[in-house]
Every structure is written in C-alpha cells, then in structure tokens.
Amino acid sequence: MTLKLSRLLPLILLLPRVIFSQDTNDGYAAVQLNMDYLWTLIAAILVFFMQAGFAMLEAGLTRAKNVVNIMMKNLMDFSIGTLIFFFIGFGIMFGTSNGFFGTDGFMLSDYSADGDPWTLVFWLYQVVFAATAATIVSGAMAERTKFIGYIAYSAVITAIIYPVFGSWAWGSLFHGSGWLENLGFIDFAGSTVVHSVGGWAALAGTIVLGPRIGKFSSTGKPQAIPGHNMALVALGTFILWFGWFGFNAGSTTAANSDIAGIAVTTNLAAAAGALAAMITAWISIGKPEGSMTLNGAIAGLVAITAPCATVSPLSAIIIGLVAGVLVVQSVLFLERKFKIDDPVGAVSVHGVCGAWGTLSARIFHIGGFSWSVLGVQAIGVAAAFLWTFPTAFLLFKLINKTIGLRVSREEELDGLDVGEHGIEAYPEFEKTQY
Amino acid sequence: MTLKLSRLLPLILLLPRVIFSQDTNDGYAAVQLNMDYLWTLIAAILVFFMQAGFAMLEAGLTRAKNVVNIMMKNLMDFSIGTLIFFFIGFGIMFGTSNGFFGTDGFMLSDYSADGDPWTLVFWLYQVVFAATAATIVSGAMAERTKFIGYIAYSAVITAIIYPVFGSWAWGSLFHGSGWLENLGFIDFAGSTVVHSVGGWAALAGTIVLGPRIGKFSSTGKPQAIPGHNMALVALGTFILWFGWFGFNAGSTTAANSDIAGIAVTTNLAAAAGALAAMITAWISIGKPEGSMTLNGAIAGLVAITAPCATVSPLSAIIIGLVAGVLVVQSVLFLERKFKIDDPVGAVSVHGVCGAWGTLSARIFHIGGFSWSVLGVQAIGVAAAFLWTFPTAFLLFKLINKTIGLRVSREEELDGLDVGEHGIEAYPEFEKTQY
Amino acid sequence: MTLKLSRLLPLILLLPRVIFSQDTNDGYAAVQLNMDYLWTLIAAILVFFMQAGFAMLEAGLTRAKNVVNIMMKNLMDFSIGTLIFFFIGFGIMFGTSNGFFGTDGFMLSDYSADGDPWTLVFWLYQVVFAATAATIVSGAMAERTKFIGYIAYSAVITAIIYPVFGSWAWGSLFHGSGWLENLGFIDFAGSTVVHSVGGWAALAGTIVLGPRIGKFSSTGKPQAIPGHNMALVALGTFILWFGWFGFNAGSTTAANSDIAGIAVTTNLAAAAGALAAMITAWISIGKPEGSMTLNGAIAGLVAITAPCATVSPLSAIIIGLVAGVLVVQSVLFLERKFKIDDPVGAVSVHGVCGAWGTLSARIFHIGGFSWSVLGVQAIGVAAAFLWTFPTAFLLFKLINKTIGLRVSREEELDGLDVGEHGIEAYPEFEKTQY
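Chains as they are written, first to last, in the numbering used here: chain H, 1 to 434; chain G, 1 to 434; chain Z, 1 to 434.
Think of the hints as simulated: they come from the structure by calculation, not from any bench.
Do not take every clue at face value.
One copy or any two copies: either way a pair holds, since identical chains are not told apart in the list.
Think about it this way: if two alpha-carbon atoms lie no more than 30 Å apart in a straight line, the pair counts; the simulated DSBU-like pairs of lysine-lysine are [as the list claims (entries may be wrong)]: (1) K287 / K401; (2) K339 / K431; (3) K339 / K397; (4) K221 / K287; (5) K287 / K397; (6) K397 / K431.
Keep in mind the model is a prediction, meaning the values are calculated, not measured.
Taking the hints into account, I'd like the entire structure generated from these sequences.
Given below as structure tokens:
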C-alpha cells in the first residue's frame with residue numbers, strides 16, 4: 001500500500017543536480033543543511049517550552065491570588081515579544097551594525113514563507129531567546145506590578161535593551177560584528193546575553209517597585225511569603241531543565257557532534273547546582289528546603305550556559321557546585337542586606353549566576369587560562385550590567401511616572417487576578433487569608 | 001573505551017551497495033529518508049503531547065468535581081482512538097478510495113515491526129491527528145456527558161466521521177485521491193480536516209446535550225461558570241503551542257527546508273491571536289481576561305494550520321489577529337444568540353477559526369489570489385460542515401436514545417467524578433459548593 | 001542579509017577530506033553519524049522529561065502533606081544519580097567487564113567537552129535510564145521514608161545495583177560483554193534492566209518500611225488512601241507516554257528506519273494497556289476508575305519496552321492488553337494477600353509488567369518461537385529478581401539500622417513536607433485532615 005515511489009520522487013529529481021555537479025558532495029552538504037535546520041527548529045521548540053517552565057515556577061513560588069496575572073504576563077511577554085522582535089528587535093540585534101546596534105533586517109523583509117530557510121529558523125531560535133530574557137524579569141516583579149506597565153516594559157526590553165546588548169556580543173552571527181566579540185568575549189549560549197541581562201533588568205524593576213506589602217517587618221526583618229504550590233515549582237523546574245538542552249546544545253545551530261558534549265556539561269552542572277544548593281540550604285537553614293534546591297538546579301543551568309561548549313565534564317560539575325552555593329547566599333544576602341524583594345530569586349539565579357558562568361567560561365576553558373582573556377569576560381559582564389541596569393531603571397521610572405508601575409495597596413492585598421483580569425485562578429477552593 | 005568500529009559497522013556494510021550502485025547518491029537519499037522518518041516521528045511525538053494540553057486546558061476551564069472525568073475522556077479517546085484508527089480509520093482515510101472512502105490498508109496488515117518504515121511512521125503521525133479531532137469535542141461536552149456515551153461517540157468519529165472527510169482532502173497521500181483535493185482544495189496541516197471537523201462535531205454534541213444546569217438563567221441570560229484552575233489552563237495552552245510546531249511543521253512529513261518558514265508563521269499567528277483576543281476582551285469586557293486571551297493563542301494556531309506553508313510572515317500575523325478577534329466575538333455570539341453552552345469555546349476556536357484559516361490560505365497565498373480558488377476553499381469549508389454536523393448530530397441522537405448521552409441531574413450537580421468514576425480529583429481540599 | 005557562505009564554510013572545509021578519500025561515502029557516513037548523535041540526544045532529552053512525569057504521577061497519587069518531599073526525592077535522585085553515574089555507575093555498567101561488572105571508563109575520563117561525541121551522548125542516554133530505575137522506587141516508598149535514607153538508597157542503586165545488572169544484559173554496548181546477553185537474553189529498551197530492577201527494589205523497600213499508618217485496618221483490611229490531585233496523575237501519565245517514545249525508539253541509539261516500527265508498537269501497547277485496565281477495573285470495582293486506568297497505560301508501556309523492536313503491531317496490542325489486566329490484578333493481589341502498601345502501584349507496574357514484557361519479547365518474536373529461547377528470557381527475569389531484591393533488601397535494612405529509613409509516627413501523621421523540608425506544598429489552601 002505504500003507509495004515509496006512518490007516518496008522518493010523529490011530525491012530522484014535532485015539527482016541530476018548532484019550528478020552533474022563537479023563533485024558529488026552537494027548531496028551531502030544539502031542533507032547536512034536540512035539537518036541543521038531541523039535541529040535548530042527542534043531546539044527552538046524546546047526553548048519555547050521554557051516559557052511554560054517559567055510560568056509554572058513563578059506561579060508556584062507566589063500566592064494563589066496572583067496566578068492569573070502571572071500567566072497573562074508570561075503569555076503576553078512571549079506574544080508581544082514575538083511581534084516586537086519581528087518588527088524591531090531582530091534587526092537591532094543582527095542587522096548591519098552602525099557600531100552600536102543593527103540597522104536593517106527588520107520584519108524578515110526579504111523572506112516569504114518560501115524564503116531563505118536559514119534566516120527563518122534562525123529568527124525563531126532567536127525570538128525564543130529574547131522572550132526568555134524578558135520573562136526572567138516577570139518573577140522578580142511578581143505580585144505588585146500593574147499589567148499595563150509590565151506590558152510596556154516587556155515591549156521595550158525586547159525591542160531595544162536586549163537586542164542592543166546582543167548586537168555587541170552576538171551580532172556577527174549574521175553580518176557586521178559587535179565590539180564585545182571583537183575583544184574576544186565568549187558567551188556560547190547566553191549566560192550574560194540572556195540571563196544576566198534579564199537578571200539586571202529584574203533588579204532594576206524590583207528596586208523601582210519596592211517590596212511587597214508585608215515582606216519586611218517594621219524593623220526591616222525579611223518575612224517569608226511562601227509560594228502557593230510547590231508541585232508547580234517542581235514541574236516548572238523540570239520543564240526548564242528539559243528546555244535548557246535546546247537552549248545550550250541548540251546554540252550550535254548545527255547538528256554536529258558538539259551537541260553531545262554540550263548536553264553532558266549542561267546536565268552535570270544542573271545536577272551539581274541542585275545538590276550544592278540543597279546542602280547550602282541544609283547548613284544555612286537547617287533543612288533541605290525545596291524551593292532553594294529547585295533554584296539551585298536552575299542556577300547551575302544558568303552558569304553552564306556560557307561555558308557549556310568549552311569545558312570538560314569535571315569542570316562543569318565544579319561550575320554547577322559553585323552556582324548552587326552562590327544562589328542561596330545571594331538570595332539571603334540581597335534580602336537581608338539590601339532589602340530586595342525578589343519573590344522567585346531571579347536576580348540571584350539569572351544575574352549573579354549568569355555573571356559567574358560567564359567568568360567560568362575562561363577559568364575552566366579547555367584551551368587553557370590567561371588573565372587577559374578573563375579580563376575580557378569581566379568587561380562583558382560589567383558591560384551587561386552597565387547597559388542594562390541603568391536603562392531598565394530609567395524605563396521603570398518612566399513607566400512609573402506615566403502609566404504607572406505598581407498596583408494600589410487595595411489591589412495588592414486583594415490580589416491582582418481580580419483587580420487586573422477580573423477572574424480568580426482557583427475560585428472553588430477555600431483559602432486562608434494572605 | 002569507545003567502540004567506534006562497531007558503531008560504524010552498519011555504515012561500512014552499506015558501502016558496497018553504495019559504491020557499486022550506478023551513482024553514489026543512494027547514500028545521500030538513504031540518509032535523507034532516515035531524516036524524514038526521524039522528523040515525522042518527532043513531530044508525531046509533539047502532536048501526541050497536545051493530548052496533555054487539551055486535557056489540562058479542558059480541566060482548568062471546568063469545575064473541580066469533573067476533573068477525573070475529563071482526564072478519563074482524554075486518555076480514553078486517545079487510547080480507543082489509537083486502536084480504532086489501527087483497525088478501521090486509517091484504511092478508510094488512506095486506503096484505495098471507492099470515490100467516497102478508502103477500502104484497504106486496515107491493521108497495517110502488511111507491516112510487521114520491520115515492515116515498511118514510512119507506512120509505520122506515517123500511521124503514527126496520522127493517529128495523533130485523528131485523536132486531536134476526537135478530543136476537541138470533549139471540551140464542548142464537558143461536565144454533563146455520560147462516560148459510556150462519550151466513548152461510543154469517540155469510537156465512531158475516529159472510525160468513520162474524521163477519516164471519511166480526511167479521505168476527500170488528504171487521501172492521495174497514500175494512493176487513490178479525494179474529490180476535494182482534485183478540485184484544488186488546500187489544507188496543509190488541517191484547519192478544516194482536523195479542527196473544523198472536531199469543532200462541528202462539538203457543535204452537534206453541545207446542541208444535543210443542551211446546556212449545563214445553571215448556565216442560563218430563567219430569562220435565558222448566560223451565567224459565568226468559572227473554570228477551577230487557571231494555572232492548568234495556561235499550562236495546557238503552552239503545551240498546545242509547543243505541540244503545534246509538530247502539527248504544522250511536521251505536516252511536511254519530510255525534514256526539508258520548508259519546516260523553517262512553517263514554524264515561523266505558526267509562531268507569529270499564535271502570538272497575534274493572543275494579542276488580538278486580549279485587546280478584544282479588554283474592549284468587550286473591560287479587562288484583559290485570562291481565559292479569552294489563552295483561547296486567542298489557540299485560535300491563531302488553528303487558523304494558521306491550513307495556510308502555514310504558503311503565506312508570508314506578515315500575512316501570518318494578520319491571519320492570527322483576525323482569529324483572535326473572531327474567537328472572542330464567536331464565543332459571545334454563540335452563547336448569547338444561540339444559547340450554546342460550550343465550556344471551553346471549542347466550537348469557536350476550532351470550528352470557526354478553522355474555517356477562517358482555510359479561507360485565509362487562499363486569500364494570503366504567496367502565489368497570488370483568485371476568486372475561483374477561494375471558491376474551492378469555501379466548498380471545502382462547507383463540505384466539512386455538511387458532512388460532519390449532520391452525521392455527528394445523528395450519532396449523538398442515536399447514543400442519546402440507546403445507551404444515553406447525558407448524566408442524571410443529581411450526578412451533574414454532584415459531579416461526574418464520583419458518579420462515573422468513583423473517585424474525587426482533589427479529595428483533601430475544602431471546596432465551595434457549585 | 002543571510003550569511004549563507006559562512007554557514008556553508010564548515011561543510012566546504014570538509015570537502016577535501018571527502019573528495020580525496022578513497023570513496024565519496026565518508027560524507028554520507030559523517031552525516032548519518034551526526035544524525036545518530038542528534039537522535040540519541042533528543043531521545044535522552046525525552047527520557048529526562050519522564051522525571052517530571054514520575055514526579056507528577058507520584059505526587060498526584062499521594063497526599064498533599066507529602067508533595068514537597070516527593071518533588072525533592074525526584075529531583076535529588078536524578079541530580080545525585082547524575083553525579084554518581086558519572087563517577088561510578090557508568091564504568092560499572094559499560095567498562096571492561098571482569099565477568100561480573102565493568103572496571104574502567106569512570107568519569108568519562110578520556111573525554112573533554114570536545115572528546116568523543118559518541119561516548120558523551122551515550123552516557124547522557126544511559127544516565128537518564130539509570131535515573132528512571134532509581135525513581136521508580138520513590139513511589140512505592142512514598143509518604144513515610146526519611147529523606148536522608150532515601151538519598152542513601154538512591155546513590156547505591158545508581159552506583160551498584162542497577163549498573164551491575166545492566167552490565168550482564170547490556171554491557172557489550174561498549175566493550176566486554178555480559179553473561180546474560182551471551183546466553184541470548186534480549187531486552188531491547190529495558191523492561192527488565194530498568195523497570196523490573198526498579199520494581200523489585202521498590203518491593204524490597206516497601207517491605208522493609210512496612211505500610212503507611214492507616215493503610216490496613218486492625219483486621220488487616222486494605223483502606224483506600226486517595227491521591228490528592230488526579231490532574232497531576234493524568235499530567236504525569238501523559239508526560240511518561242510522551243517520554244517513552246524516546247525511551248523505546250531512542251534505544252536504537254541510531255536514526256535508522258527501525259524507529260518507526262518501535263514507536264508504533266509502543267503507542268499501541270500503551271493504548272491497549274489503558275483500555276484493558278479500565279475494563280478490568282470496571283469489572284472488578286464496578287467503575288472505570290481513573291488511577292487504575294492511568295496505571296494501565298504505563299503498564300502497557302513497561303511491557304512493550306523489551307519487545308518493541310521485534311514484534312508486530314498486532315502482537316503489541318496483545319502485549320498491552322495483557323499488561324493492563326495484569327497490573328490491576330497484581331495491585332489488588334499484593335495489597336490483599338501480602339499486605340504490601342505500594343501507594344502508586346510501582347511493584348505491579350514496573351516489576352510484574354516488566355517481567356511479562358520481557359517474556360513476551362520471545363513469545364511474540366517476529367522471528368518465531370521456541371521454548372529454549374523463552375527459557376533464556378525466564379532466566380533473565382529471574383536473575384533480575386534474585387540480584388535486585390536481596391541486595392536492595394539488605395541495603396534498606398542497613399539504612400534502617402544506621403541513619404534510619406522511616407520517619408517518626410508524628411512526622412508521618414503531620415506530613416513529611418514540614419518535618420523533612422520545613423515548608424508546605426499548598427500553604428494557602430484549606431485541607432481536611434488526613
């Protein structure tokens with residue numbers, strides 16, 4: 001019953017092109033290119049799914065009265081981000097650079113549905129990265145941000161803040177090049193480009209917003225505000241880990257043998273991060289606390305993102321272990337010393353561990369170590385902070401003065417779900433008051 | 001420690017066949033075929049996972065007392081659908097056609113586990129499509145349908161209703177051909193074949209069943225019956241979006257460069273659908289309501305399913321925007337004017353937006369527009385309704401007269417979980433009465 | 001705007017190697033190898049995601065007061081398992097065998113990030129299998145096991161119990177060989193190697209622990225302890241089914257045409273398992289009960305794991321049907337006759353159906369049947385029990401005597417989340433007392 005012939009027809013039609021070409025390797029190259037498209041697409045799909053992971057993680061770590069708001073923020077920063085990155089962001093990041101940012105390539109303008117497949121699949125892979133940077137901020141600003149203000153922020157980071165920095169570090173992937181990569185800065189899959197940029201924007205957001213009502217006592221002592229659903233937190237963490245294989249191994253944008261080693265270092269660092277965070281929490285708090293441990297896995301993943309392609313498996317374990325210790329200490333430090341209220345620990349997980357991972361890419365580089373190249377990494381880490389934090393801070397201040405960034409006290413106490421979206425997440429279940 | 005030699009052995013054994021063949025391109029073709037199998041399998045796996053998305057979406061949009069029933073319906077329409085499509089449906093859809101439906105190819109009868117791989121992987125890809133059509137109906141009939149009646153319906157749509165229409169539009173994929181495709185009807189991945197067929201069967205089901213107790217006031221005014229868990233709704237939406245990349249880009253059933261553009265148009269339309277639905281809801285209802293917005297993303301995905309391979313990225317955005325507006329208006333219209341109680345909006349999302357998407361495939365076709373080809377699309381859209389709605393209507397009437405379609409008033413009020421399945425979904429949580 | 005040239009550069013650089021080689025098929029072989037790495041990686045990612053499935057399934061089938069503990073066990077048996085399998089387990093399983101277990105290949109010692117890609121991706125594929133065996137045990141021991149005791153057990157099964165048996169059945173995949181495979185034992189993807197080993201260790205664990213407080217009345221009658229969230233159970237089941245395509249079809253570790261048939265038999269057996277379990281429960285209990293049916297799907301998947309590559313689609317249906325009947329009867333039998341308290345049915349699903357599947361691989365082998373080869377399968381099934389049950393039993397006894405295996409009565413009644421981890425899973429929701 002099979003139609004093998006018609007199945008083979010497209011291949012047969014290609015044969016003359018191959019036979020009469022000067023060598024027979026066109027066929028080989030064409031198949032390899034198809035496979036590169038395929039892997040880049042599959043990796044993009046995996047990274048897309050990380051949006052679900054972030055949504056579940058953030059919702060689980062916050063209160064039931066704000067779940068609809070969190071889901072809407074996560075859905076809309078991806079949806080609006082997709083459109084903004086199509087119209088503006090991608091050209092800023094990968095267009096011909098004027099030295100500071102790209103200036104063409106907007107709207108995939110030369111590409112119809114049967115246009116150049118490489119550009120199309122590359123755009124898809126990049127848009128899911130851009131949306132990751134945007135969505136990191138959502139968690140740090142959870143439970144008190146006006147929806148319209150969040151939408152405005154989200155559009156600007158995807159249009160300008162993220163792609164400008166991206167053009168410095170990754171712009172040459174298409175044409176032109178960026179000053180950071182010209183210096184020799186390496187950030188294979190985006191510990192700095194994606195995660196630290198998201199983390200420092202999150203820091204700006206949480207500072208401008210201020211802490212949630214009740215987060216700090218009148219004497220300034222941090223109060224625990226437990227998340228409402230640890231099953232969602234765990235699910236989100238597993239989804240993120242799952243998608244991260246696409247984030248790191250997909251950054252080859254080619255189905256070559258490098259993907260094997262990248263996936264191994266990624267997995268080892270995540271495991272080590274979870275273990276180290278659990279032990280650190282056990283020592284610091286007295287119990288192997290759940291949310292810290294889950295954040296440790298993500299911290300390991302953030303850290304290995306830059307070095308995943310250029311370190312040994314053993315180094316990956318060390319990188320993850322350090323990230324797991326770092327994230328717990330950083331969360332406690334920011335909360336206690338700086339009165340930062342970051343409900344999901346986004347600044348520590350993505351900002352701090354992103355910086356650590358970027359430095360580690362040279363410290364543990366299989367090609368050897370030198371202080372000068374480590375210095376270049378430090379320049380990149382600093383540049384990410386010095387570009388992102390001030391611009392995001394100004395942006396949030398501007399939103400605050402105009403359309404407003406924080407909901408009213410009454411709305412915050414009642415929950416954003418009813419106030420902003422007119423529905424409850426769990427209308428049938430009896431809840432205690434928070 | 002590696003066994004590279006044994007790893008290469010199968011390849012080495014193939015070499016003589018390649019070397020002594022008349023050209024060296026057999027090797028190329030063989031590798032490309034392996035890649036086509038691989039991508040079709042991976043896409044099938046992604047589409048399979050959409051079953052989880054539908055289950056979460058439907059459960060989240062309905063009440064806690066019916067969750068077990070929803071999960072059982074979703075699991076069983078896939079499980080029974082798999083077996084029925086193996087024994088009957090696949091042959092009806094893809095067997096040699098008698099002009100109306102296929103008549104052979106049942107039970108993959110010629111294919112053992114080492115049989116023709118193309119038939120096997122193609123069957124898997126098709127069975128997950130068939131199950132999608134079946135499961136769409138589940139949501140519209142939620143919270144009041146007898147389990148045994150649903151099972152009976154589900155078997156018939158997978159055995160007959162879906163594959164007969166499928167043979168008209170897609171039958172030639174194997175052999176024979178269908179009258180709709182002979183006219184020039186195009187529906188690349190199934191806006192009509194899968195989604196509208198599911199949507200119109202859902203319409204028939206909800207009409208035969210009638211609304212849930214309490215859905216309309218004594219004066220006929222629609223009453224909101226809020227879903228019990230918006231986190232599940234969002235999770236379901238993300239899972240569906242994730243799986244839809246396999247649904248659309250996998251419909252090439254080949255790992256060629258077309259998958260890139262298809263994935264891009266798919267993503268753009270989904271994003272535009274979410275945005276448009278949010279704005280439409282904001283205007284209509286006064287708030288950026290959560291479940292409408294999430295349904296908008298799915299509406300965009302349904303609409304782009306037919307045109308995904310043959311429209312530009314900009315056109316995809318327009319198609320998605322229209323779908324997002326359409327789905328909100330259609331949900332409100334069906335509820336207010338026709339007193340249709342469709343708890344998840346399945347008729348609007350899959351039926352209406354499926355029809356829109358199918359028309360849009362010609363309106364925005366990169367090859368240009370003509371009224372005559374648009375007319376063919378309209379014929380296909382009409383044929384889907386004229387075939388599906390009456391047959392499904394009769395089927396539901398027949399079930400109603402025999403084994404029964406609707407649970408008793410008492411069981412509906414108490415919930416189907418205890419009545420039909422003997423367990424509760426959330427036995428430990430205190431619930432308000434609904 | 002595209003950089004097609006730089007994109008093609010790596011391919012062009014390869015051409016001389018290909019052209020001047022003695023035949024042009026090196027290019028073909030290289031692309032096929034890349035595809036084998038790619039598929040093995042993708043399959044490993046799918047199997048990794050099964051960890052989320054097991055976590056959701058186990059959490060859903062148990063009580064709200066133990067959810068954090070379950071998530072932590074699942075995260076940590078994967079995280080610690082990853083590290084232990086890196087340092088110890090992989091070498092024991094795949095190193096040069098001393099006849100009983102492997103003795104080299106620890107720590108991927110020869111492999112940096114740019115080391116042999118086959119070893120790296122094979123390791124990743126194996127570590128997710130090892131973690132599956134470990135995590136199966138978690139469910140059977142749920143709601144009463146000390147966290148530190150579980151961690152200790154988990155490390156030992158991943159370091160020794162699983163890899164030693166694995167070296168007997170699969171060790172030759174690298175070098176050396178195992179006595180079971182030398183006999184002709186076949187277990188394509190691990191019905192015995194992974195699932196029965198996990199199931200028999202689970203049996204040992206639940207016997208040493210004893211039943212949960214309240215599971216059996218004073219007269220020894222089993223009492224139902226309902227799971228707290230059936231939506232999570234269904235989600236977990238769908239995730240497991242999704243990942244299982246990677247588990248079975250990925251066990252080719254090659255992107256060849258065999259994957260098609262394997263995926264088809266896998267899907268058919270799962271569907272048949274769900275159907276048979278539903279009907280069996282309907283007859284035994286009077287209702288199509290939800291958790292039994294969901295377990296039936298998993299039972300079908302466990303059973304088809306060994307025979308998936310060597311049976312016809314029709315045989316796969318029979319294998320799944322038998323598994324679905326078997327799992328319901330086994331759960332009821334173990335509970336009623338042996339007073340085994342296995343909260344998720346892990347012993348029946350993985351132990352019993354794993355044994356059935358392994359035998360079925362010869363009973364339904366497309367190459368024909370003989371009693372002698374079936375005898376070899378029986379030897380393998382028996383060896384798995386005789387190795388795993390006693391060693392795991394001793395291990396649990398040892399843990400019990402030293403660091404302790406069971407929490408205190410008070411902690412069990414209050415829940416392990418607060419006792420072991422200091423947080424609640426759902427602090428805001430009102431709960432009835434259990």
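For a quick check of understanding: which of the numbered hints are violated here, in increasing order?
6
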